[in-house]
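There are 4 protein chains.
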Amino acid sequence: MDFSLSPRAADLSARVREFVDTHVEPLEAELVADVAARRLRGEDPWRIDPRIEEAKAEARRQGLWNLFLPAGHEGPYAERFGTDGGAGLSNLDYAPVAEQMGRSFIAPLIFNSNAPDTGNMEVLLKYGSHAQKDRWLEPLLDGKVRSAFLMTEPGVASSDATNMQARAEIDGDEVVLNGRKWWSSGAGHPDCKVGIYMAVTDPNADRHHRHSMVVVPMDHPGVRVERMLSTLGQYDEPLGHGEVTLTDVRLPVDHIIGGPGRAFEIAQGRLGPGRVHHCMRLIGLTEKCLDLALQRSVSRVAFGKPLAQLGGNREKFAEARIKINQARLHVLHAAWKLDTFGSAASLSEVSEIKVAVPRMACEVIDFAIQIHGGGGTGPDFPLAAAYAGARSLRLADGPDEVHLGVVSRLMLAPYAKKAMAVGAAQ
Amino acid sequence: MDFSLSPRAADLSARVREFVDTHVEPLEAELVADVAARRLRGEDPWRIDPRIEEAKAEARRQGLWNLFLPAGHEGPYAERFGTDGGAGLSNLDYAPVAEQMGRSFIAPLIFNSNAPDTGNMEVLLKYGSHAQKDRWLEPLLDGKVRSAFLMTEPGVASSDATNMQARAEIDGDEVVLNGRKWWSSGAGHPDCKVGIYMAVTDPNADRHHRHSMVVVPMDHPGVRVERMLSTLGQYDEPLGHGEVTLTDVRLPVDHIIGGPGRAFEIAQGRLGPGRVHHCMRLIGLTEKCLDLALQRSVSRVAFGKPLAQLGGNREKFAEARIKINQARLHVLHAAWKLDTFGSAASLSEVSEIKVAVPRMACEVIDFAIQIHGGGGTGPDFPLAAAYAGARSLRLADGPDEVHLGVVSRLMLAPYAKKAMAVGAAQ
Amino acid sequence: MDFSLSPRAADLSARVREFVDTHVEPLEAELVADVAARRLRGEDPWRIDPRIEEAKAEARRQGLWNLFLPAGHEGPYAERFGTDGGAGLSNLDYAPVAEQMGRSFIAPLIFNSNAPDTGNMEVLLKYGSHAQKDRWLEPLLDGKVRSAFLMTEPGVASSDATNMQARAEIDGDEVVLNGRKWWSSGAGHPDCKVGIYMAVTDPNADRHHRHSMVVVPMDHPGVRVERMLSTLGQYDEPLGHGEVTLTDVRLPVDHIIGGPGRAFEIAQGRLGPGRVHHCMRLIGLTEKCLDLALQRSVSRVAFGKPLAQLGGNREKFAEARIKINQARLHVLHAAWKLDTFGSAASLSEVSEIKVAVPRMACEVIDFAIQIHGGGGTGPDFPLAAAYAGARSLRLADGPDEVHLGVVSRLMLAPYAKKAMAVGAAQ
Amino acid sequence: MDFSLSPRAADLSARVREFVDTHVEPLEAELVADVAARRLRGEDPWRIDPRIEEAKAEARRQGLWNLFLPAGHEGPYAERFGTDGGAGLSNLDYAPVAEQMGRSFIAPLIFNSNAPDTGNMEVLLKYGSHAQKDRWLEPLLDGKVRSAFLMTEPGVASSDATNMQARAEIDGDEVVLNGRKWWSSGAGHPDCKVGIYMAVTDPNADRHHRHSMVVVPMDHPGVRVERMLSTLGQYDEPLGHGEVTLTDVRLPVDHIIGGPGRAFEIAQGRLGPGRVHHCMRLIGLTEKCLDLALQRSVSRVAFGKPLAQLGGNREKFAEARIKINQARLHVLHAAWKLDTFGSAASLSEVSEIKVAVPRMACEVIDFAIQIHGGGGTGPDFPLAAAYAGARSLRLADGPDEVHLGVVSRLMLAPYAKKAMAVGAAQ
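So the sequence lines, in the order shown, correspond to chains A, B, C and D. Going left to right, the first sequence walks through residues 1 to 426 as the UniProt record's numbering numbers them. Going left to right, the second sequence walks through residues 1 to 426 as the UniProt record's numbering numbers them. Going left to right, the third sequence walks through residues 1 to 426 as the UniProt record's numbering numbers them. Going left to right, the fourth sequence walks through residues 1 to 426 as the UniProt record's numbering numbers them.
Isolated chain A, as found in the complex (with noise of 0.2 Å):
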């Protein structure tokens, strides 16, 4: 056991601390700002601002482009693209580097490993047919148009897949989609040129081979962007999650990725990694709103003390360092097992964060809001912000219940078999 980083994982994570410190920061400070004054002015929010562009080309200069593309698919994709010019890395070298991207909210798309590209961008590669490649997954590799994820529905529960009710049927040489998403991540952004879309092809084959993944260009006849939500009052901009609705949007059959059948077994190998990223973002961003509460908590005063000398608030700040703590420790392991054991091993562990994570950060960022007084439930400082992602995170990839159903499930299995054993012997 060693708990030291590997040093490639130091060095990109150092870096990339670096970066986001001195580029992203300041940057993130302005665009807010600039997107609330767009609102108040009744012009469009939702566009591409060139600093983005800018930052991008820089952290690409950097070799800080893609680092998320997982270890074992970096052929020429690597070379071509980034990951610091070398192999990807494993998900428990990527950890600590998603973390420090976390610390910023446009961070992720910076260094073009911000979701739900990732998740699409290793479908991708992992799935895609030569020609998906060629014409999605390059632009994607090379930042110049980005994704959706056509899942959740608003009409029925999603975290139960057999609701599903959207379609895609194959008509011939042709696939038929019909349905309505919403929680589509990505459908914001003005450079969303393509979305995968996850619907029911057979209903009547076994539970595991009913839904299809089919690559939708967003701008093909029959699919709309309805609207744009908020999450507990954010838009996210500028990548946004939509709801968009499918009319009979006619696509060839070889746009379904992997074939007809195949959504569940490609979501399974999605899942694992992208809830690792989600969570080490998540960390990251706690961690940042830890700063500021520190930063707040002993320059401000009242009733003559820093806040910090006040009340349970030293206490507090312990128990947000002891929770964090855990929760980072948590997830590297769920990292490692995910590298060493693969993703059928590790349902259990990555339940666990994805229950664990998002439950902390809302906890440590509340207590940052509380110390930040009434400014930190409003538009000056990224908390409120910071806790909309948090507690939706405790939604979005399946809800707390469903991931406490899976880790129990594995729990009582081998003692209900036991107790069967023992019943079946009397």
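Simulated from the structure, these hints should not be mistaken for laboratory data. Misleading hints may appear alongside valid ones.
The list treats identical chains as one, so a pair stands whether inside a single copy or across any two.
[As the list claims (entries may be wrong)] DSSO-like cross-link-like pairs, simulated, lysine-lysine; straight-line CA separation at most 27 Å:
(1) Lys305 x Lys417
(2) Lys418 x Lys305
(3) Lys56 x Lys193
(4) Lys133 x Lys193
Based on these hints, arrange chains B, C and D on the given structure of chain A.
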């Protein structure tokens, strides 16, 4: 001891509830959609929908107007402006009425019983001069104008009023106002014509006689609403929370309420009932969110069962019921204590509910969000706004920490005294 | 609505408090030490100290005897045996009296108002035959004998009464008892002469008519107290909790209370008030522990300050105050509901307090332990025993989970009905 | 970073687990019953059962002896007395071994790795003179004698060592001991022949050089075990916690370990590893309790379902898994930090786990009790004793509050410095 509502409280709360269900909730949904649409189209969301004025007229017709107007001050105003034609309600009788109003964000406005107007009207009623009453109280009671309360400042920890930097300096027969205030609730309303501004008049006076409250016409030169603030992403139209600067605002010295240096005394009387109102409205809002969650939990199905039957959801509903019921009794008791023994004797009770109720509301509303899945965080349910309202009440009117400090100070005092006596005797 | 105590409740609770402070607490300390010493010397700790009998006599002289005796059943017993010479108290009036009794473990015994005797006496009063009353109720009311309640079983989850394995089978004019019970409270008292035993008479009857309650002389052949049980290390002398076996115990059939098959009906009536008593006593015990913590926190010094001034302790005291106050109001409201609307209408309220109060007590007492340092876990303070008492009440009389289930069932029923109606109409 | 156990840690922890399952747990059940029976019969429960000595001999035979003996001090002692014949284990390698020992209360004793003997042996090993080693360390390593640690005092808040009242005063070539200590763990063991006593030698020296540690033969005149203390009702035989007085105990001055005034220095080195051991043992104990709860939950049936399927129990199991896993990683990381960077660099980590692990254990064990119903609080399961052990660790070795203070002090220091620098520059 008797836990049954008085006939008048029972009647009024039932009628208010009926009115809210029938007239206000459908309107609220339309207004929320309308504000979102206006914002999207780049139109001003800060305007008064004529339907609000119609609803106000109807509420007044039904005798559901100015119900907050406290007992003991009914006099001519009660007769002319409401409180169902009778005398003012005690805090205890008003509390269940306020609960029903709290189920909708706009209901208090429609019943002319919204913060901060209620508190401002009480202050004018109790401490205002004849001229101040004629000019401001009458149109407020009449629902013709709205008001703001200008106390919190961005530059200092405002939970400690001795930090206050804003000035209200006497210069001959004028008072000169300079200061920057934020979270000035009500400042966004187009009819917001008057503010009550709290500031330092004599920094050398003792701690409780330094500050004054000044009636400020919002269109006076030097008064400027710099921006409207979002609270966890919500703007709370049409009232909102403003950042307001006052620059060399000169007013006749008779604009100081009750004379210079009396702000603390005035604030004390204002706070007890105001906190009871806030808490009861919040309990109503929490009940509304719980209603939505219960409806959702029996109608949404996942894994073959309604959500209500999954995981620990039933237990969480029961926990919510327990928390709300305890909170309501707690507030009703505080209201009774205020009525029976006055503000000074109720310091602990008022601080206790101020801590306990918003926290409870956050927990229950958060659960209601979770039951709603992703939709619960979005714009289609009142849950995100409810959460923002509950959360911000953990800071508004004194952060939790300050109120916990009050409660513990009162608890410890007799023990510390006894311990000192013992120490001295040894 | 009115939160003031009735004159009688105010008077009795003040007098009980005075009696507890003056006579009971000093005695309790001596008895605890004495039990420890006897145990150490290998002597029987299950004996009745004559000072207890003296204190009982004094309590009776002062009219503080059988105060639990419920309104409506006063008749000749109230006259002869107590309730301060007046009629029985309502649940609401008795509640604050029970709170004061709860401050000491032995006080309820001294006021002849301890569980399980109170419940047993109520059952005999309400359902007992004349013969049962003469033989058992009179000496119980007189404080001459004690009783046990035999319901819970070691072999099955007793929270589900349909699991019950013990038998009370009719054989001609006899009833034959066979079973193993545990947590039979009261069974350790040397004067415990009678038990009320619940068991299955007719396993084929419907769920609510299977069980009977039987009056069992504890010295009858076949009745055996196998051992006394510790609860979190406490034996709760002199009453205690026994494991009791009944082996072919034959009794005349008239020993069945109210006739065969009525146990459920009898149990229902017993439970509401009993839970109110338990909860109020526990609130009194919690207040006692909080008192000790407050005293300790102002007198112990560390790092140059009294403990009260360190870390987050003050906030934790305020939290304790909030929790206790909410809990007390919750129980008082449930008592009022029971008095006003009866048991069936108060199911939710009674289950709510049964969950909420012991949990609250555990939290506050745990904090009091923490304030006392290592000593708080040890034998020199009543805190460890208080914690054990509070914790065991999360299981006794139905575990939290069962009561939460009751509350949520009642909450969900109307929503589920409406949802089904909507479903049917579609 | 690598989360796999070293081969030696994997091997030893597996063998210890096997030994505990096979030899220790069955013995423990018998010993617990035996102590209870002896107590009931008025016989001395503080005696050593010969089966313990047999088990010790077997553990030693298997090379599972003195595994705590730290790396770097192996020398002749490791060769002669154990640590599986190899060199000492690092904290990180010993941690999983300690976890397995923690599953049984008596296992650490059987492996000669129980507190406080481990800490006392480490102190003697590191700071003891040759004479002290010969006389005390050898028989301790040999398992022939036991020892106590005498630090906490009943009269003062011992979390602040400057409060200490006990004295170890130099008088010529003697040191004279006077003091009252309690929670002196190990003092109940019949073979407890030696204590390490901490007391003030020079009250005028600086805070870190006032105290000395003295080796005290427990049978020396003036040393008296006044009584054994219960912790939440548990006596923790055969080691126990004593209250010990020292009255004019005169010893040659060479009994002071390392010379006068070095107690703080010695205590520092002792504490880090000791807390890692405590925490890992507690994690093992918690896993044991969770095992019992899982078994119970699949085998007990209520309302037609195994407990595991009722209410929110499954979610609570998952929560327990998450908490334990986070806690374990947290402790392992602290152990690694201690090994890699030393005590001074690991202050925060050690304090973090000292707070987090016992709290986690209390929560999980409390849940295991709840799953067991009334039985969970009683003598038939190790749960009540486990809870008592976990709860007392929130106080022993420094209460939570002191450790949270350490963590927050370290967190705030750099921010406060920066804030001051900014302030100075303005």
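Here is what the structure says about each hint:
Only between protomers do Lys305 and Lys417 lie at most 27 Å apart by alpha-carbon distance; the minimum there is 15 Å, versus 60 Å within a single protomer. Taking CA atoms no more than 27 Å apart as the test, Lys418 paired with Lys305 passes between copies only; the shortest distance there is 17 Å, against 60 Å inside one copy. When the C-alpha separation of Lys56 and Lys193 is checked against a cutoff of 27 Å, the pair qualifies only within one copy, where the shortest distance is 18 Å, while the shortest distance between copies is 48 Å. In this homomeric assembly, Lys133 and Lys193 come within 27 Å of each other (Cα to Cα) only inside a single copy, at 14 Å, whereas the closest approach across copies is 62 Å.
Checked against the numbered hints above, the structure breaks none of them.
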